[in-house]
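Visitor: Using the sequences and the accompanying hints, generate a full structural model.
So the protein sequences, as listed, match chains A and B.
Under the numbering used here, the first residue of the first sequence carries the number 2, and numbering increases by one thereafter.
Under the numbering used here, the first residue of the second sequence carries the number 215, and numbering increases by one thereafter.
Source of the hints: derived by calculation from the structure; they are not laboratory data.
Each statement offered as a hint is correct.
Examples of chain B residues lying across from chain A (beta carbon under 10 Å, computed):
(1) Gln396
(2) Asn410
(3) Ser411
(4) Leu433
(5) Lys434
(6) Thr437
(7) Met442
Built from N, CA and C at the ideal position, the CB exists for glycine as well.
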Amino acid sequence: MERIPILRMGNYLLVTIQVDMHDKLALTLQDDLTNRIIEANAKGVLIDISSLEIVDSFIGRTLANIASMARVLDAETVVVGMQPAVAITLVELGMSLPGIRTALNVESGMEYLRETVEDHEESDGDFGDSTED
Amino acid sequence: MSKFLEAIQENRKSILQDWVQRLKSVDRRRDLLDDRELDTDAKNVLSAIADVPAGTLPEDLNAAGWQPLKELLTNLSVSRAAKGFTPSETAIFVLSLKPSLFTVARQQWGKDAGELFLEISAINDYVDKLALHTTDSYIHGRDQVIARQQEEMLELSTPVVTLWDGIVALPLIGTLDSARTQVVMESLLQAIVQTNSRFAIIDITGVPTVDTLVAQHLLKTITAARLMGAECILSGIRPQIAQTIVHLGINLEDVITKSKLADAFRLALERSGRKVVRVDKSNGANTTSPRGV
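Guide: Shown next, in the form of C-alpha cells:
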C-alpha cells in the first residue's frame with residue numbers, strides 16, 4: 002500500500018508529501034504520524050507540502066486535524082512551502098486553518114521548531130530546577 | 215430594382231468633386247486629418263461603391279459584393295476612432311455623400327416625379343446603412359482601445375517591490391474589485407515565493423474607499439500569505455477608512471495594522487532581528503559610534 006514516508010531527525014519528524022494526496026492516503030498519514038510521534042517521543046513535526054499542487058477541503062481539514070492531534074501529543078507542527086495556488090484555493094474554500102503554524106520553506110520551518118521547542122525545554126528546565134530547590 | 219448605382223458609375227467624377235467639396239466645407243478636424251488624406255479616403259470609398267460587381271443589390275449590404283466597401287469603411291472608422299474623431303464626425307463623412315447623390319438623381323430623373331422619389335428613397339436608405347455600419351465600427355474600435363487600456367492598467371497596477379532582504383511591499387492604488395484583487399493576490403503570493411520573504415506589507419494609501427467587499431478581499435490575501443508562511447502588515451490606513459472599517463464591523467483584530475508604511479517597515483525589520491540606527495556624525499560619516507549601535 003502507498004504510504005508517505007515519515008523521517009526522524011533527532012527530536013523532530015519530517016514529512017515530505019511528494020505525491021498528490023487522496024483521501025485514504027491522508028488518513029493513513031494521520032494514523033502513521035500520531036503513532037510515530039509517540040514512538041519517537043517527537044517534540045516537533047514538519048510537514049513539507051511544496052510539491053502538493055492540488056488540495057481540497059478534505060485534505061485541508063486533515064492537515065488541520067494532524068496539527069491539532071500533534072499538539073495534543075505535545076509536538077509542535079509546522080506546515081511549510083505551501084504553493085500560492087494551494088493557499089488561494091484554501092482561502093476560497095473558507096479554510097484559513099487558524100491553528101496551523103506555517104513557514105516559507107523547510108529551513109525557516111526547522112528554525113521555528115528549534116526556537117519554540119528549545120524555549121519549552123528551557124522553561125520546563127527552569128520549572129524543574131525551582132521545584133528541586 | 216433601383217438604377218442609382220449605374221448613375222453613380224456614370225457620374226463618378228462629378229460626384230467625387232461635389233462630395234469632397236462638401237466634406238471640406240463642413241466643420242471638420244483639419245488638425246487630425248489633412249486635405250490629401252481626405253481626398254484619398256473619399257476617392258477610395260467612391261470607387262468601392264462604383265466598382266461593385268454587376269448585379270449586386272444596394273438593398274442587401276451583406277452581399278459578398280459589398281465586402282470590400284465594408285472593410286474599407288471599417289478600417290477608416292477604426293483609424294479615425296484612434297485619431298480622436300467623434301462618432302458624429304465619422305458618420306458625417308459618409309452622410310455628406312447623400313446630397314451629392316441627390317444632385318445626380320435630380321439630373322437623371324428630374325422629369326419623372328415618381329421615378330425620382332423611388333431613387334431618392336433608395337439612395338437615402340443605402341447611405342444610411344453605410345453610415346450605421348461606420349458608426350458601429352467606430353464604437354467597436356473604441357471598445358478595443360478601452361479593453362486594451364484596461365488590460366494595461368491591470369498589469370501596471372500590481373507592482374510588488376522588495377524593500378529589504380525578506381521584506382516585500384505591495385502599494386495598492388485605485389479601487390479594488392474582484393478581478394483586480396485576484397491579480398493582486400496572485401502576484402503578491404508569487405513574489406513571496408520568489409523572494410523568500412517572511413514579511414509582506416500591503417499599503418492601502420492609494421485605495422480611495424474600503425467597503426466590506428474590499429476588506430474581505432484584503433483579508434483573503436492576508437490569510438493566503440499566512441498559509442504560505444509569510445506575515446502580512448497592513449499599512450496606510452487613513453482616518454476615514456479606519457472609521458468606515460469600524461462602522462462596517464469588519465474584524466481586523468488578527469491583522470497587524472500600521473498607519474504609515476514607514477511604521478510597518480520598521481516593525482518588519484524589528485521582527486526579522488534588524489534595527490535602523492542614526493550614524494553619529496562627530497565620529498566620521500562612515501563609522502558608527504558604539505552608542506549608536
